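Fit chain B to the known structure of chain A by using the hints.
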Amino acid sequence: MALDEIQSLLKEFDEMKKALEEAEIEVKEKTVELSRSNKELADKVGELENTKKAVLNVLEDLTKRTAELRLSEERLNLSLKSAEMGWWDLDLVNDTAKRNLRHDEIFGYKTLQPNWGAKIFGEHVVPEDRAYATHCFDAAFKTGDLNMQCRVKWPDGSIHWIDARGQVFYEDKKPVRMHGTVADITPQKEAEGKLVAEKESVERKVTERTRELKEEQARLVASINSLDFGFIIADASHQIVLKNKAISNILGISDGVATMAEIDSLFGKSVDVLGKSNLCLAENLGINVPEVIFGNKFLRFFFSPIVMIRDHKEVIGYVFLLEDITEAKLLERSREEFFAIASHEMRTPLTAIRGNMALIKDFFGTELKNPDVKEMVDDSYKASIRLIGIVNDFLDTSRLEQGKLSLKSENINLVALTTEVVHELNAMAESKKLKLNFKTDDAIQLPPVSADRDRAKQVIYNLVSNAINYTQEGGINIDITKEGNFLKVSVADTGNGISPQNQSLLFKKFQQAGEKILTRDVSKSTGLGLYISKLLVGGMGGKIWLEKSELGKGSTFAFTLPLVS
Amino acid sequence: MKKIFIVDDDPAMLNLYTRTFKLSGHDVETATNGQEALDKLSASEQKPDVILLDIMMPKLSGFEVLENIKKNDSLAKIPVIALTNLASLRSASSDLEKIRALGAVDVVVKSDTDPKELVKRVESLMA
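Listed in order, the protein sequences are those of chains A and B.
All the letters of the first sequence, read from the start, carry residue numbers 1 to 565 under this note's numbering.
All the letters of the second sequence, read from the start, carry residue numbers 1001 to 1127 under this note's numbering.
If you are wondering where the hints come from, they were derived from the structure by calculation, not from laboratory data.
Note that the structure is predicted; figures quoted are calculated from it, not measured.
The reader is advised that the hints may include incorrect statements.
[Unchecked claim] Just the calculated beta-carbon pair ranges, DEER-fashion:
hint, chain 1, residue 1, chain 2, residue 2, range
1, A, A342, B, L1125, 27 to 37 Å
2, A, R453, B, E1117, 48 to 58 Å
3, A, R453, B, L1125, 19 to 29 Å
4, B, E1117, A, P349, 27 to 37 Å
5, B, Q1035, A, G539, 22 to 32 Å
6, B, G1025, A, A342, 28 to 38 Å
7, B, E1117, A, W545, 27 to 37 Å
8, B, K1120, A, S270, 48 to 58 Å
9, A, K435, B, G1025, 51 to 61 Å
10, B, G1025, A, P349, 22 to 32 Å
Note that the Cβ used here is the ideal one computed from N, Cα and C, for glycine as well.
Just chain A, with the same shape it has in the complex (with noise of 0.2 Å):
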């Protein structure tokens, strides 16, 4: 090989090697640059990584908001939806709404509505709430949060009470958006209604019983202080809780008189007031002290127990009534003395003019020729007795009427009496060609009844002569029979009878009073016979009816006496 050669080849040695140098310089460059593009790359698409490792963030936390949201949706509306609320998002700058079906429902429709917006909700409204919702809206715009209950008028026509919640959005500070819920809360304004209904009721009760009492407590004051006899309420253990004035100006006592002992030590021993009042509180009874005289005056006493109405047995008190009957008793005593005189003053004359013309027909008979004369003289005489009979029946019955007439308790033989009236009235049945009967069973000793004689007889008397009376013809039969603790005296007539309507009169004042409703002859009596012979009957135990009557057979009439206990 040739230097040349050698030389070629180490130059072109030199230059390959060269060349390499250059190359491997340039590959060790590009190597450098490519492992600074690579990493270059590398941070790149790290870079990359992240960024969609960031968006894939992005995205899977958009995922999970949305359906967080629409989790959250759900539970607002499922919560609203058991909450029977409905929800709405009104926007104000268009005045359009979004909101769930119960939204519509509540305001009466069954599907969702096309539109909806504060306008439309304002022609929901009442008319009479419609400026109160005005007005809540505008507060709503101020203060940021709508609170409103109105009522709505529903399509049906029905009205329903709403309660809507809501928030305000603002931009700019002016409101652009608002949500919120809605509620029907009638049932609770209807509940709430009778509330408020029946409180007012209860308050308008309370108020009238209070009023009623407060009247009543007028009514009582006033009442007992109007009266002119003596009041005073005591309380169990004789303190005075109330008195009038009367009892002061009676007794002459001072106001301040508190206790019913102080009452007591008035009469000293004539009365024992506490005794009285002490009997009636332990007894729950009234007691009535007829007559006591006090000074120059009579008064009257009543004590009357108070009881709970709950428990009747419980006596908180009693009431003393003091009344002064000293008028009374005077006004008793000159209607006694009148009636004694009267007595005395009208029968006095009577009995001048029916001896007189007694002594005409049986003195002067042969004078009495002219028969006008004789029949003039005749009625005179009939009229004067019947009208002395009248006098008598007058005065009896008043004595009766005011308990003036004391009655005895006399043991008496009924028998024996009605024997001797049996006697006394034969001759006037004889003249009538009447029978008088009066069978007695002399094999049954009837024992004696306890009666005042004299009243007894009159009883008898009048029962028989009004027999004799009333009879035409046939007889009377008197019977006496023992009822029980009773001796029955039974007077029975042919006479005409009494129809069933008259009986019903019989018994009563003035019987025979303006037409002959009986069948009986009204010149013979007063019609006061029964009537008194009913008072004495009755005053003395027993009773008196009749027994029967049959138009045309008879009447039969009956008393009874009680026996000697």
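Coordinates of chain B only, in the frame set by chain A:
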């Protein structure tokens, strides 16, 4: 001839009874009040056989006259019939009892008794 002494403050009644007894054939002396009756009875030579005495009279009542008659030995034995309108079936029998307790032999309720009946009762006392 029997003598009847009649005391009554009412002139019509006094007249009636005077006439009744005179027509029945008796002698009659009268007084119109209690005091006059006592005076006349005390002064009388020929004492009456029966005294008819009205009970209800003003001033000196029949009760008092009766008491005085019974205290006077010369009069005490003369039967006295009390005349009254107070005591009857219809008024307080305490009056009746009082009259009888004072010594009257009979009580005649004037308004219920015809003159002839009265004469009968008086004559029965003098028989």
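Quiz item: Falls inside 27 to 37 Å, the C-beta gap from A342 of chain A to L1125 of chain B?
Solution: holds, 32 Å
Quiz item: Okay, R453 of chain A versus L1125 of chain B on CB: inside 19 to 29 Å?
Solution: holds, 25 Å
Quiz item: Has the hinted range 51 to 61 Å been met by the Cβ atoms of K435 of chain A and G1025 of chain B?
Solution: violated, 38 Å
Exercise. Could you see if the CB distance from E1117 of chain B to W545 of chain A stays within 27 to 37 Å?
Key: holds, 35 Å
Practice problem: Starting from the range 22 to 32 Å, see whether the pair Q1035 of chain B and G539 of chain A falls in it by beta-carbon distance. | Solution: Given range 22 to 32 Å: violated, Cβ gap about 41 Å.
Quiz item: At the C-beta level, are G1025 of chain B and P349 of chain A separated by a distance inside 22 to 32 Å?
Solution: holds, 27 Å
Exercise. State, for the Cβ atoms of K1120 of chain B and S270 of chain A, whether the hinted interval 48 to 58 Å holds or is violated.
Key: holds, 54 Å
Quiz prompt | Verdict for G1025 of chain B, A342 of chain A (Cβ pair) under range 28 to 38 Å | solution = holds, 37 Å
Quiz item: Between E1117 of chain B and P349 of chain A, does the beta-carbon spacing fit 27 to 37 Å?
Solution: 20 Å Cβ-Cβ, so the 27 to 37 Å window is violated.
Quiz item: Do the beta carbons of R453 of chain A and E1117 of chain B sit within 48 to 58 Å of each other?
Solution: Roughly 23 Å apart at Cβ, these two residues miss the hinted range, so it is violated.
The structure is inconsistent with the numbered hints 2, 4, 5 and 9, although it conforms to all the rest.
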